[in-house]
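Protein chains in written order, with this note's numbering: chain D, 1 to 482; chain F, 1001 to 1321.
Rather than coming from a laboratory, the hints here were simulated on the basis of the structure. Treat each hint with caution, since some may be false.
Unchecked claim - Straight-line Cα separation of at most 30 Å, DSSO-like style, residue types lysine-lysine; simulated pairs: (1) Lys1031/F to Lys109/D; (2) Lys1095/F to Lys119/D; (3) Lys1039/F to Lys311/D.
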Amino acid sequence: MQATELLRNYYVDTNTWDEMYRDSSVREQYQRVVAFMQQLDLEELNKKEELAKRLFMSQGITFTVYSSGEGIEKIFPFDIIPRIITATEWDHIEKGIKQRLSALNLFLKDVYHNQFILKDGVVPIEMIYSCPHYLREMYNLPVPYDLYVHIAGIDLIRNNDGSFYILEDNLRTPSGVSYMLENREITKRIFPDLLPQNNVRSVIEYPNILHKNLVSLSPRQIANPTIVLLTPGIYNSAYFEHTTLARLMGVELVEGRDLVVDNHRVYMKTTFGLQQVDVIYRRVDDEFLDPLTFNPNSVLGVSGIMNAYRKGNVAIVNAVGNGVADDKAIYCYVPDMIRYYLNEEPILKNVPTYRLDNPEHREYVFNNITNMVVKKTNESGGYGMLMGNNTSDEEIREYCAAIKKDPRQFIAQPIISLSSAPCYMQGKLQPRRVDLRPYALCGPDGIEIVPGGLTRVALREGSLVVNSSQGGGSKDTWVLSA
Amino acid sequence: MPQFKIHHVTRYTYEVPVRDSANQIILFPVKDEFQTVLKQDLTITGEPAVDIYKDYYGNEVGSFMFADAHTELKIDSKIEVVTQPRPLPTDSVPKEEQWNSLQAIRSQVPFIDFLKQESCDVVDEIKRDTQVGQYLKVTPLTAAQKLNEYVYQEFQYIKGVTSVETTPDEIWKLKAGVCQDFAHILLVMLRMTGIPARYVSGYICPNHNGMRGEGATHAWVEAYIPNYGWLGLDPTNNCFVKDLHVRLAVGRSFSDCSPVKGTYKGTSNHSLEVGVSVSYEDGHVQDDHATVLTAQPNTNGLQKSDENSYRRYLEMIQQQQ
């Protein structure tokens, strides 16, 4: 069977936007790739897929799925067919994300200082004060350049009309960027000619831009500030990413036990004695960051680090307390924040969201629960989520009881039919649902978004859950030059 | 216009040297029209630099580190403070008007934090047992006073049955505790009636022996009374706070006001001793109890020395509180 055959068998659900096909013809951005596939035979394609698998294995590109029982070194599933985004689409996404992040950063500065937006009633005070991630410890604490969000991984999805929606703002410790970089490296190995032929924009600059931004935050004006990446350790799902980013940036990878705070400064323990640390790119959650200030049982953090931070002796990336801005209930107010702070209309739309602490919304959601996805406002990675179309009545009843007990902790959204993209599976091309997470880097000079991102794939047929923590896979993501 | 000299000593001792200690102290008296601080001397083992900042609730919070190996950490605070009596509320405004004004500030900063119940599952039970309805039929001041009395009468003052981690649920079942537990229960009750209430930590300075809470830091409650402001209520002694209480900090509960807390690396076996003494400018001098320290229960629950030296040296971050 020729690869042409395998393209012919591609079946697209009429109610879904497919990234490659429209009205049974191949979209322009995919035509070169399809032409390339057509001159390959199936055996070659299988060889390439096998090579990709081996490369993932030999390079140890892993992501832990805590519930899978496969241990901590589970290979992150990769699909060899790239997801392609046109220059026009990217331009729209880039503008929209920049706008959104500008507003979210101003919001964080505001809620931790003057609280204008609360006084003007644009965001209800109750929303903020009931959010467990609104950290009173951050109130009036100055951060360098008033920057709170240095790294964001904003999730976008595409509805059946093809328009992009913001699904989540991840402003704490978004993961996945190392897979964006590794996926591209794999594509270079298996399809070396395709990237230049298609004018695919490079993503390789990401570690350099991040490093440049980290250096710029150093409180000491010295030539070589000490920058560290603070990881919770090998049991964290994204440990592979922590090691990769530290290596690519040439910074030290440390755990909490490698650091100590003395005289309100943070030091790294080295074989040559203590070395002062200037900037910490931390992948440890707020709650575990400082056992003196937050969770006293944490062994992942560094005691007293908040005091060094408050004194301005160390920069922490992302800032502490960002969870108040990516809370899934506060998400509803982001379009209003954009209007309030920037006096602009939002470029990228929100997914319609029902707040379950609102009795009218709650009733509507309960009556239409089979068309809804219900999420916990403070969970991520697809944990604690209910897909109403795919759950037994018994489970729905239990979930609704939990909602009634503490409605502020839940939101609901209509189930959106994510766009599909072709995946090479079992010798066939099959459509699978995808989302898109581009990575934005905010520094003193502005916001830069590396043209690309992580396309996450729901590997099961018909599934709409793409989270890597729920066993999702990924694709290389191409942004084409104009 | 009483003037007090307060001596507060906190001492941690460790079986074997520990290091990398980071600490937070909230031992600086509030400075306002009812309280003037004449002098404060703070001495800490190793003389570390203490950085002082104002936290979200306006409290002065100090932080210091002690990274070198040490077997003792002593925090010695001597303060001289003058307090002013404050007249009680006149309570002349009709009660409906007062309850309405409390209703109107529910969603305002800072009251919103002082109305939210903190992880308490027994609120409904407390409402039933205290017959909450009756308190809504009187003025907020009378309600606060009655609830203060309720706690004083229904709860036994027993040392050692609770710890700093005891929750309101547990206190409610025990019906006993110390000043901190009395304060936590009164906070739940005031908040359930809609009266904003905050935790206060400080010292009690009666001129004669016989008040509960002497010889240690004390804790009580402030209730927000319309047209007046924050009114101090001491459920441990069933009284209003006049000029015998010295305030250190306010917060949602103990955890916002913990006078001394810290972490270190090293053995889990430490002992904590605390002493507080008060003397008076009017000539009445009590013994300096601060020189007589009282051992505090170890919150780690590890009382016995671990015979395994390897484990003893394992670098676990230990909590000291």
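Evaluated hints:
no., hint, in the structure
1, Lys1031/F to Lys109/D, "holds (29 Å)"
2, Lys1095/F to Lys119/D, "holds (28 Å)"
3, Lys1039/F to Lys311/D, "holds (26 Å)"
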